[in-house]
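Note that the protein sequences, when read in sequence, are chains X, D, S, G and L. Taking my numbering, the leading residue of the first sequence gets 30, the next gets one more, and so forth. Taking my numbering, the leading residue of the second sequence gets 30, the next gets one more, and so forth. Taking my numbering, the leading residue of the third sequence gets 30, the next gets one more, and so forth. Taking my numbering, the leading residue of the fourth sequence gets 30, the next gets one more, and so forth. Taking my numbering, the leading residue of the fifth sequence gets 30, the next gets one more, and so forth.
Hints are computed from structural coordinates only; laboratory data are not their basis. Here the structure is a predicted model, which is why all the values come from computation and not from measurement. Incorrect hints may appear among the rest.
Identical chains share a label here; the pair holds if one copy fits it or two copies do between them.
Using 20 angstroms as the maximum straight-line C-alpha spacing, the simulated EDC-like pairs for lysine to aspartate or glutamate come out as follows [unchecked claim]: (1) K120 - D50; (2) K117 - D50; (3) K210 - E244; (4) K195 - E32; (5) K96 - E110; (6) K267 - E110; (7) K272 - D113; (8) K272 - E61; (9) K272 - D77; (10) K161 - D234; (11) K210 - D168; (12) K210 - D38; (13) K96 - D113; (14) K120 - E110; (15) K117 - D77; (16) K267 - D113.
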Amino acid sequence: MPEAPQTLDGWYVLHDFRTLDVKAWQSASAAERTEAWDSLEELLLQYDAINSTSQGSFGFYQMAGHKADVLFLHFRPTVAELIDVKTKLQKTSMAPYLQSPYSYVSVVELGGYLAKPGVDVETDEYLQSRLKPRIPEMDQICFYPMSKRRDGQDNWYMLPTEDRAKLMRSHGMIGRTYAEKVKQIISGSMGLDDWEWGVTLFAHDPLEFKKIVQEMRFDEVSARFADFGVFLVGCRVKVEDAKRSWDIL
Amino acid sequence: MPEAPQTLDGWYVLHDFRTLDVKAWQSASAAERTEAWDSLEELLLQYDAINSTSQGSFGFYQMAGHKADVLFLHFRPTVAELIDVKTKLQKTSMAPYLQSPYSYVSVVELGGYLAKPGVDVETDEYLQSRLKPRIPEMDQICFYPMSKRRDGQDNWYMLPTEDRAKLMRSHGMIGRTYAEKVKQIISGSMGLDDWEWGVTLFAHDPLEFKKIVQEMRFDEVSARFADFGVFLVGCRVKVEDAKRSWDIL
Amino acid sequence: MPEAPQTLDGWYVLHDFRTLDVKAWQSASAAERTEAWDSLEELLLQYDAINSTSQGSFGFYQMAGHKADVLFLHFRPTVAELIDVKTKLQKTSMAPYLQSPYSYVSVVELGGYLAKPGVDVETDEYLQSRLKPRIPEMDQICFYPMSKRRDGQDNWYMLPTEDRAKLMRSHGMIGRTYAEKVKQIISGSMGLDDWEWGVTLFAHDPLEFKKIVQEMRFDEVSARFADFGVFLVGCRVKVEDAKRSWDIL
Amino acid sequence: MPEAPQTLDGWYVLHDFRTLDVKAWQSASAAERTEAWDSLEELLLQYDAINSTSQGSFGFYQMAGHKADVLFLHFRPTVAELIDVKTKLQKTSMAPYLQSPYSYVSVVELGGYLAKPGVDVETDEYLQSRLKPRIPEMDQICFYPMSKRRDGQDNWYMLPTEDRAKLMRSHGMIGRTYAEKVKQIISGSMGLDDWEWGVTLFAHDPLEFKKIVQEMRFDEVSARFADFGVFLVGCRVKVEDAKRSWDIL
Amino acid sequence: MPEAPQTLDGWYVLHDFRTLDVKAWQSASAAERTEAWDSLEELLLQYDAINSTSQGSFGFYQMAGHKADVLFLHFRPTVAELIDVKTKLQKTSMAPYLQSPYSYVSVVELGGYLAKPGVDVETDEYLQSRLKPRIPEMDQICFYPMSKRRDGQDNWYMLPTEDRAKLMRSHGMIGRTYAEKVKQIISGSMGLDDWEWGVTLFAHDPLEFKKIVQEMRFDEVSARFADFGVFLVGCRVKVEDAKRSWDIL
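Model the full structure from these sequences, guided by the hints.
Given below as structure tokens:
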């Protein structure tokens, strides 16, 4: 039996995608809409406040296409807190106008090999900054879930440990060539959600999402062993600009 | 033809997942919401009372992500009772605010080999405690359905009996190393629901769900022979704390 | 080309699964609910009356889980009558409270080999009783659709006729060992609905559904050649007890 | 590269399946229902009038099961007209009570080999009658979409031209043995809808649908190379009898 | 590892498909409908104005079948603008009557080999006209998403670079034979949406969509390596004729 790789696990992650129910929204009175918006804005500020603590991160995004209009992206130390931030949104006056087409529950994951001998994961600054990540200051976001394939000859989990390590190394090399252009947060979701990982990419230029995904697809790890779920792409909205940016009033 | 393994079967299980219809809930008057909540609380107490009998078990959970907000977890001696507990919920004043995105019907299953010669399953305390399980006193829950694969060379049901037994033994060993951290209830659902088994895991730390699922995925039984459905994760709510914990009012 | 097996075909079958729209139901006034229920009860009596003729059969069941709350099970001589019984339900005052999550259209099917030389299918009592079946006096029901697989080496329809016959014989043997515990009605649905067959099982003990399905899954016919759709399980409601049994008022 | 077969293409086809929204229908006043029905009846007459021209065909059917209640079947010379007949239905007072669970867009297709040398397709009576078909005077209808498989060794589009021709010839022979009992219209939908073909069968006895589909499934063309979508079955309603036949008032 | 091909990337594309909510539309008063239509017409004019600039393209289409009633087709320089055009539509008085069954986000893509040595992509007129395309003056449109297959022996991304190049060359030859009849815009969507490419075809005669798709399906690139999503077909509506063409009032 191949050995399961060690992982380092950080904050839990909730990708909470929402669409605006336009019919309900436009039926609401101006007063109701203002109240709804104010309650959302207040919650956004409350969510955002976590960014000035070491207890979590939060980002707000507008999404392209019909699959989602906005994304509330939460990093928190526990699953209970992910439930709490969802419940808080459900309780705002904005919630009746927001539908929940998709979400993703996962936990930030790093390769265990990063914990070099002698390094204390709990105090190592570099590891802690990756396990408990800040939202990158980049305006474009891309999210997709994925699993490693277990299909006849193309079964990742039946490969010898060395083969997997070698393949991952070459895969990581591609990622590294994009290090300046694309920041990526990998979060594991086995036992937590329907796919094995969530991938969240950040960039200044969304074309870099296409380039890195395409280049990796020719890499054997993806070519032979990756199955992908939905892809969603969007742009960051600074909480203080939310009203102006997500221009729905 | 490989021989079908004997199983021991216990209580029937209903995983009854629900989401709150936020739009309907917020449109309700305070009085309607109070009445709805009171009717739910009364039913929760009624469900919970089964825990002090030997006629079933009940647990209530809040779930992460958009797939479900709460889980009503019922163990009962008959399918008719599973229908009855569903109907009881449908009749509360809370029911119009609860949607039914998912459920799972199964029956607690143990390997027949556990019934050692001379053991009377009906009176053996250990077997009875596993066939008619109490809800573990652990705060975190994970549920997923699964089937064994029947795909070309990877066909579990075409393996010789000894090969299956050997593979399951090594699989069980992984489970055992998690015995303190993860309690699992396996329930069979062939002929009862869409997958072959339901797996319900309980832990103090949800990271253990990820660890056990990941470690098992490298085991040949899962790597070559397991197909998985949705994964749902959540936190226990004590019935007496329901109003405070599931904070929707 | 392998030869297509002859079949004997009997009554057409409609499995008409419904869920109760709890929100609409609870919004209705007591008078509306009474009227709705009365109209359903009247139709149930009308459906049920067919059981005392030789023109069809009818059974009413409550189902477990979220996929369906009730099943109206109709056997009738023509497709036109299946449309008619559906339309009759749609016209009751109960219909606005019933959603149609699933249904299945098929025709009772027996192996052609049962028509032994010299036997007149149209008058043979045994064959007629199986082609035009009465609803078994057993309280538990299980339904699932299935197809034979056509996948690479596992292609049922490319097997030589003798191989298929031999495999089906051993498969039938399993069914026969359950003859007392499980009554099964196989209905063909090629050209009529999305899978190739519907399987309807009846038993006194629902555990027998799990046992027969599990035992058959290790048989090569299922192990290599069967694909399954949804599984639904429930309990019979005698029409005279409907109001008390399906306790929704 | 195998050569793509020549086809002869005739009228475009819209299979427009609808279900009745029973809740909305029963909430409507008698006057609203009468107005709705009258508007539908007027449109049915207008649709039907095409049958006495050479500009198209139209048939109206009631369907079995929950997937559809009725089918509006249109043959027209252009895609623009298919859009027009849809829009016309949307504008009737009946439209708010009709949901659109499924439709299919295709174009009548004949094998190019039917255009024998010296034959002018545009004036040949036989070919024209098949390319611009009248609705057969048969009461039962069956529709399903399908594609040819492209899967490993079972890849229709990689077969040498002669092999495909030979396989299709034997396939056509089965169809011919049903010529009296089953009329079939094959319409191509590559580039037009989600499958490669739509198959519409007409018969006096719906059992013939099951028989022809089953017999063909054992033919290599279907056994190894066919993937099927949904199957829908129903009964013709003469436009003058629509009110009495589709008995929803 | 095979080398990832270079691409040239142009404008971002949003295929925004909508269906009319007939029930809501017919419940609206004449005044509400007029206001809704006027707001849509004003936005159509605003969308259309981009065609007289070099900042984007826009086309409006009516679609056949139930999957969509209209398509708003946008080409814009940034993802942020794709979000903006969606938001603008959501804010019109027409939006509450329009549902969003499907959309597609991608970016116009050309083979990198087109950038011959010495050519400056940013100024080359031919390349610029293809990267920032005008809407072709052809009345018929077809859209479908697709991916290259990664399945056992049929894994496009594991082919040697030369094999891919050779296969694509022969594939391109087919496209070229249709150059007069079918204009195609290929847009890449790796990292942007659920499939790898979107294909948008334009023609005077919709039969050409069927012909080119069918001919290509016999080409090895499609036969062995292409997976297809939904297919949608429709007809152009000139913005000045929208009211008359999309005849819903």
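Each hint, compared with the structure:
Both within a single protomer and between protomers do K120 and D50 lie at most 20 angstroms apart by alpha-carbon distance, with minima of 16 angstroms and 11 angstroms respectively. Both within a single protomer and between protomers do K117 and D50 lie at most 20 angstroms apart by alpha-carbon distance, with minima of 19 angstroms and 15 angstroms respectively. Proximity of K210 to E244 under the C-alpha cut-off of 20 angstroms is restricted to the intra-copy arrangement: shortest distance 14 angstroms within a copy versus 34 angstroms between copies. Taking the shortest alpha-carbon separations for K195 and E32, both the intra-copy value of 14 angstroms and the inter-copy value of 18 angstroms come in at or below 20 angstroms.
In this assembly of identical chains, K96 and E110 lie within 20 angstroms of each other by CA distance solely across copies; the values are 17 angstroms between and 25 angstroms within a copy. Taking the shortest alpha-carbon separations for K267 and E110, only the inter-copy value of 17 angstroms comes in at or below 20 angstroms, while the best intra-copy value is 22 angstroms. Proximity of K272 to D113 under the C-alpha cut-off of 20 angstroms is restricted to the inter-copy arrangement: shortest distance 14 angstroms between copies versus 24 angstroms within a copy. Proximity of K272 to E61 under the C-alpha cut-off of 20 angstroms is restricted to the intra-copy arrangement: shortest distance 15 angstroms within a copy versus 27 angstroms between copies.
Within a single copy, K272 and D77 get their C-alpha atoms as close as 15 angstroms, which meets the 20 angstroms cut-off; across copies the closest is 27 angstroms, which misses it. Taking the closest pair of Cα atoms, K161 and D234 come within 20 angstroms of each other only across two copies (18 angstroms); inside a single copy the shortest separation is 24 angstroms, beyond that limit. With identical chains, the CA atoms of K210 and D168 are at most 20 angstroms apart within one copy only, with a shortest distance of 12 angstroms there and 41 angstroms across copies. Only between protomers do K210 and D38 lie at most 20 angstroms apart by alpha-carbon distance; the minimum there is 17 angstroms, versus 25 angstroms within a single protomer.
For a Cα distance limit of 20 angstroms, the shortest separation of K96 from D113 across copies, 15 angstroms, qualifies, whereas the shortest one inside one copy, 24 angstroms, does not. In this homomeric assembly, K120 and E110 come within 20 angstroms of each other (Cα to Cα) only inside a single copy, at 15 angstroms, whereas the closest approach across copies is 32 angstroms. Taking CA atoms no more than 20 angstroms apart as the test, K117 paired with D77 passes inside one copy only; the shortest distance there is 13 angstroms, against 27 angstroms between copies. Taking CA atoms no more than 20 angstroms apart as the test, K267 paired with D113 passes between copies only; the shortest distance there is 16 angstroms, against 22 angstroms inside one copy.
The structure shown violates none of the earlier numbered hints.
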